Amino acid sequence: MYAEIPQEMVHAFNNQIQEGEIYEIRRFRITNAKSLYKPVDGRYMIKFTVHTLITEPNKPPTTYPRYTYKLTPFEELPMLVGNVQNFIDVLGVIIEISEVEMIQPSNNQPAAPTRKLLLTDVSGLQTQVTLWGQRATQFNVDGVYNNEEAKAVVGLFVGCLVKSYRGQDYLSGSSACKWYFNPEIPEAEDFYSRYANERVQIRRVAPAPPQVVQPQPPPQQETRYLQDLIAIDPYEFPQSGCRCTVTIARLVPDVSWWFPSCVRCGKTCTPDPNGYMCYACNNSTYRHKYKLVFVASDGTAEAEMICFGQIGQRIVGKPVEQVMRTVRRDEEFPPDIAGIVSQKYTFTVTVANQSFYTRNRSFMVSSIVASYGRQRAIPQAVATLSSRRLSSSRDPTASPSVKNAASSGPRRTQPATMHDHTPPQDAPTTQILQKDVPHSDVLNTPEAHSARKRLTYDASEDEESDNDHPKRPRIAKMKGVAETIENQSASDFSAKRSSPDHSKGSGTKAMEQKTSRSQKNK
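Letter 188 of the sequence shown, counting from 1, is numbered 188 in UniProt numbering, and no numbers are missing.
There's no promise every hint is true.
[As the list claims (entries may be wrong)] Here are the computed distance ranges between Cβ atoms for each label pair:
1) Q7 - P217: 39 to 47 Å
2) A196 - P110: 41 to 49 Å
3) S164 - V327: 24 to 32 Å
4) G133 - R166: 15 to 23 Å
5) G275 - S193: 34 to 42 Å
6) E99 - M324: 37 to 45 Å
7) E184 - T268: 45 to 53 Å
8) P186 - A338: 53 to 61 Å
9) P217 - D169: 30 to 38 Å
10) Q16 - V84: 28 to 36 Å
11) P73 - S193: 15 to 23 Å
[As the list claims (entries may be wrong)] Straight-line C-alpha distance at most 27 Å; calculated BS3-like pairs for lysine-lysine:
12) K267 - K318
13) K116 - K151
14) K34 - K318
15) K289 - K318
16) K267 - K163
17) K47 - K318
18) K59 - K47
19) K178 - K151
20) K38 - K289
21) K163 - K178
Since the hints were derived computationally from the structure, they do not count as laboratory data. All figures in this text were calculated on a predicted structure; none of them were measured in a lab. All residues carry an ideal CB built from backbone N, CA and C; glycine is no exception.
Produce the complete structure using the sequences and hints provided.
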């Protein structure tokens with residue numbers, strides 16, 4: 001059984017525990033062992049708390065073993081590539097040591113000191129051990145090795161992980177790694193007998209001179225709308241990809257959001273009676289990874305997008321194993337996966353392989369350029385005939401923000417449509433169409449406050465009113481008529497307005513009265 005001290009309490013127990021000593025530990029908790037990075041096999045583990053007490057016994061037992069290990073033969077290491085359930089322990093003779101070299105693991109991590117070792121077993125099989133960080137600078141065999149005597153140095157390395165780089169398998173040792181020279185264990189007796197009368201020269205390897213690499217400018221990636229990306233032929237899609245700003249609209253149903261990935265080639269493993277198997281690599285070691293398939297929208301169009309591994313973890317925000325523990329049978333997607341809907345990102349995308357076989361476009365997310373968080377509304381793509389014609393007439397090499405909008409004629413702004421601008425552009429100016437301008441007959445109508453008053457307008461009353469009260473508004477003379485109409489029921493008035501015959505007859509009658517009175521006045 002192994003014990004774990006929480007990070008916030010390490011300083012409290014740091015000076016109370018020393019490796020190789022025997023202690024009496026009280027007031028601790030027993031919990032389930034973690035599923036990953038276990039130093040020893042077991043169902044349970046000890047967890048220290050603020051109440052844990054550590055004391056040294058007066059008469060410590062002498063039967064406790066000094067080393068805790070579970071050796072793995074060199075020939076079994078290739079089958080454990082990428083396995084992080086348990087740490088790996090190996091035993092071998094050191095035959096080569098390199099000097100410390102600064103190596104950058106990836107573009108997102110700083111350079112770290114490394115040192116490479118070469119071990120061999122009694123049968124002659126060799127394996128490489130790469131130490132990282134402080135373990136690389138702390139490693140030293142000067143105290144146990146003499147160049148003149150050249151006696152074999154047997155090393156017990158515990159707390160390693162098997163990894164692969166460019167097809168070469170190796171053991172990686174970082175903070176959890178520890179080594180012991182010439183340990184007194186039964187498994188080491190074969191090495192002592194095998195190399196008792198044989199000189200073993202440890203080769204010292206200088207680091208390779210750094211290669212001066214001319215910095216290459218990053219490829220220029222075009223920024224496009226989804227509508228433009230869909231129009232590009234898959235065989236003409238830029239190899240460096242394109243950028244687009246989209247909002248995740250919905251998840252694609254009936255598609256698994258994770259998959260078992262082979263630790264060697266990264267491809268999907270096939271179900272096997274013992275778990276999963278990659279028949280291409282003949283490897284049964286796999287790792288769970290994200291496979292998020294969703295529909296994204298920017299207001300111009302919708303498209304299916306796929307992302308894997310670390311990109312999916314960045315979108316979800318949690319490791320895939322942690323999300324898998326929250327899955328319920330009555331849910332198609334766990335809450336953490338369903339929660340990515342309405343998130344807005346700027347992606348670098350390339351065309352997916354399935355786009356070469358179907359007319360529907362699907363894009364692969366190769367990187368995340370920017371994240372904008374959750375949006376209040378998801379942009380809806382409005383597919384109209386005019387928008388399709390406008391898209392077909394666009395210059396694919398021009399930026400969306402400088403398109404010649406005048407060539408498409410006047411248009412009316414859709415109030416319910418929003419766009420994820422790629423790149424951002426100014427708000428469109430609303431143009432007034434000719435059909436929106438009031439007719440000249442309506443503009444020349446005498447002043448009135450509603451359509452009701454215009455239906456009962458009498459020109460003779462206005463002429464009489466002008467003689468008596470030249471400064472009095474004409475609308476005041478219609479007060480009696482307006483009050484009479486206001487007293488009518490709403491249903492009767494609505495029926496009169498909705499009847500085209502009534503409206504036409506009223507207008508004709510009013511016009512005849514107006515003409516008759518004008519002739520009398522003359």
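Is the gap between the beta carbons of A196 and P110 within 41 to 49 Å?
holds (45 Å)
If you draw a straight line from the CA of K116 to the CA of K151, is it 27 Å or shorter?
OK: K116 and K151 at ~20 Å, within 27 Å.
Can the suggested window of 15 to 23 Å be confirmed for the beta-carbon pair P73 and S193?
Once the Cβ atoms are compared, 18 Å apart, the range 15 to 23 Å for S193 and P73 holds.
Does the Cβ distance between G275 and S193 fall inside 34 to 42 Å?
holds (39 Å)
When you check the alpha-carbon spacing of K267 and K318, does it fall within 27 Å?
holds (22 Å)
Consistency of beta-carbon spacing, R166 to G133, with hint 15 to 23 Å
Since the Cβ atoms of G133 and R166 sit about 22 Å apart, the hinted range of 15 to 23 Å holds.
Does K318 lie within 27 Å of K34 when you go C-alpha to C-alpha?
Within the cut-off at roughly 17 Å; holds.
Could you tell me whether the CB distance from P217 to D169 stays inside 30 to 38 Å?
holds (35 Å)
Holds or violated: K267 to K163, with C-alpha atoms at most 27 Å apart
holds (16 Å)
So if I understand the rule, the pair passes when the alpha-carbon distance is 27 Å or less; does K289 with K318 pass?
OK: K289 and K318 at ~11 Å, within 27 Å.
Straight-line alpha-carbon gap K59 to K47, limit 27 Å:
holds (25 Å)
Taking 39 to 47 Å as the hint, is the beta-carbon distance of Q7 and P217 inside that range?
Roughly 42 Å apart at Cβ, these two residues keep to the hinted range, so it holds.
Comparing the model with each earlier hint shows no violations; every hint is respected.
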